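Novice: Sequence:
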Amino acid sequence: MSYGIFADYYDIFTANVDYHGYALRIDEIVKSLGLKRGSLVDLGCGTASLSLELAALGYFVTGIDLSCDMLTAASAKLCQSEQFVTLVNQDMTDFRLPEKADVIISTLDGLNHLDGIDSVKSVFQCVKRNLKRGGAFIFDMNTVYKHREVLGNNSFIFDSDEAYLGWQNDYSDDGDRVDITLDFFIPEDDGSYSRCTEQFSELAYPADKIKDALAECGLRLEGMYDGLSQDQPGEKTQRILFAALN
1 MSYGIFADYY
11 DIFTANVDYH
21 GYALRIDEIV
31 KSLGLKRGSL
41 VDLGCGTASL
51 SLELAALGYF
61 VTGIDLSCDM
71 LTAASAKLCQ
81 SEQFVTLVNQ
91 DMTDFRLPEK
101 ADVIISTLDG
111 LNHLDGIDSV
121 KSVFQCVKRN
131 LKRGGAFIFD
141 MNTVYKHREV
151 LGNNSFIFDS
161 DEAYLGWQND
171 YSDDGDRVDI
181 TLDFFIPEDD
191 GSYSRCTEQF
201 SELAYPADKI
211 KDALAECGLR
221 LEGMYDGLSQ
231 DQPGEKTQRI
241 LFAALN
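Note that the sequence shown covers residues 1 to 246 in UniProt numbering.
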C-alpha cells in the first residue's frame with residue numbers, strides 16, 4: 001500500500017515511539033557484534049524518524065521505502081533537520097545498493113507487512129547480497145502472541161487536534177494474519193469532518209520459522225531479544241528484536 005493519508009499523520013499517531021531509545025539499542029547491538037558506526041541502511045524507513053536518530057549517532061544512513069508518500073514526509077522532515085539521510089524509493093524485497101553496507105536494519109513491524117514468508121526470505125536474500133561480509137542485520141517482528149492476544153479483533157481509538165483515528169483489527173489464525181482498517185476523520189474549516197480509509201495486513205511467524213529463514217539465506221543469527229531489552233523472548237513477548245551477521 002502507499003500509506004497516503006497514513007503518511008500525513010504517521011508521526012502524530014506514533015509520537016509515543018521512543019526512536020531515540022531504539023537508536024541507542026541498535027547502536028549497542030552493533031558495538032556488541034564488534035562493529036563500528038559506518039554505513040547503515042534503514043529498510044522501510046517511513047518518515048525517517050529512526051533514520052535521523054541513527055544519523056545523529058554518527059551513522060551514514062540510507063533510508064529505503066516503497067511508499068512515495070512516506071518518503072515525501074521524510075524529505076520534509078529532513079529539511080528541518082541538521083542531520084543528513086539519503087532517501088531511496090525501492091522495494092525492500094528487491095533492493096540494490098551502489099556499495100555494500102556495514103549495517104542493515106528493519107524495524108517497527110516492517111517485515112510483518114509483507115505478504116508471506118517467501119517475501120520475508122526475499123528481503124533476507126537482498127540483505128545477504130547488499131551487506132558487507134561480517135556486517136550486521138538487525139530487525140524486529142511482531143510475535144504470534146501479539147497478533148492473537150493483543151491486536152486480535154480489537155478496536156483502538158486515537159485522538160489529536162489534527163485528526164481522529166479509528167483502528168479496527170480483524171484477526172485470522174490462517175497465518176496469524178491481522179487485517180487492519182484505519183478510518184481517519186479530518187476536521188474541516190466549516191466544522192465538519194472528512195473521512196479517509198486505509199487498509200493493510202500484518203502476518204506473524206513463530207520465531208523458529210524466522211531463524212530457519214535466516215539460515216536458509218546464509219545469515220547467522222547472533223541474538224534474539226524481548227523488544228528493546230536485553231532479555232530473551234518469553235511466551236508473552238510482543239516484539240522480538242533479531243541480530244544476525246553476514
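Where hints are given, some of them may not hold.
To be verified - Below are the DSS-like pairs computed for lysine-lysine, each with C-alpha atoms no more than 25 Å apart in a straight line:
| no. | residue 1 | residue 2 |
| --- | --- | --- |
| 1 | Lys236 | Lys128 |
| 2 | Lys209 | Lys36 |
| 3 | Lys236 | Lys100 |
| 4 | Lys132 | Lys121 |
| 5 | Lys209 | Lys77 |
| 6 | Lys121 | Lys100 |
| 7 | Lys77 | Lys121 |
| 8 | Lys128 | Lys100 |
| 9 | Lys211 | Lys236 |
| 10 | Lys209 | Lys236 |
| 11 | Lys100 | Lys211 |
| 12 | Lys132 | Lys236 |
Keep in mind that the hints were calculated from the coordinates and are not lab data.
Here the structure is a predicted model, which means the values were calculated and not measured.
Novice: Tell me if the straight-line CA distance from Lys121 to Lys100 falls inside 25 Å.
Specialist: Distance of about 19 Å is within 25 Å: holds.
Novice: Quick one, are Lys211 and Lys236 close enough, alpha carbons at most 25 Å?
Specialist: Cα-Cα ~19 Å, so holds.
Novice: Within 25 Å, alpha carbon to alpha carbon, are Lys209 and Lys236?
Specialist: Holds: Lys209 and Lys236 sit about 18 Å apart, inside 25 Å.
Novice: Run the distance test for Lys77 versus Lys121: straight-line Cα separation, threshold 25 Å.
Specialist: violated, 31 Å
Novice: Is it true that the CA of Lys132 sits at most 25 Å from the CA of Lys121?
Specialist: With a Cα-Cα distance of about 18 Å, the restraint between Lys132 and Lys121 holds, given a limit of 25 Å.
Novice: Would the pair Lys128 and Lys100 pass a check requiring their Cα atoms to be no farther apart than 25 Å?
Specialist: With a Cα-Cα distance of about 10 Å, the restraint between Lys128 and Lys100 holds, given a limit of 25 Å.
Novice: Is Lys236 close enough to Lys128, meaning Cα to Cα at most 25 Å?
Specialist: Violated - the C-alpha atoms of Lys128 and Lys236 are around 30 Å apart, more than 25 Å.
Novice: Holds or violated: Lys209 with Lys36, Cα cutoff 25 Å?
Specialist: Answer violated: Lys209 to Lys36 is near 30 Å, above 25 Å.
Novice: Verify the proposed pairing of Lys236 with Lys100, using a straight-line Cα cut of 25 Å.
Specialist: Not satisfied, since the Cα-Cα distance of roughly 36 Å exceeds 25 Å.
Novice: Hint check: Lys209 vs Lys77, CA-CA at most 25 Å. Holds or violated?
Specialist: Roughly 37 Å between the alpha carbons, so the hint for Lys209 and Lys77 is violated.
Novice: Holds or violated: Lys100 with Lys211, Cα cutoff 25 Å?
Specialist: Status holds; Cα separation ~23 Å.
Novice: Between the alpha carbons of Lys132 and Lys236, is the straight-line distance 25 Å or under?
Specialist: violated, 34 Å
When each numbered hint is compared with the structure, violations occur for hints 1, 2, 3, 5, 7 and 12.
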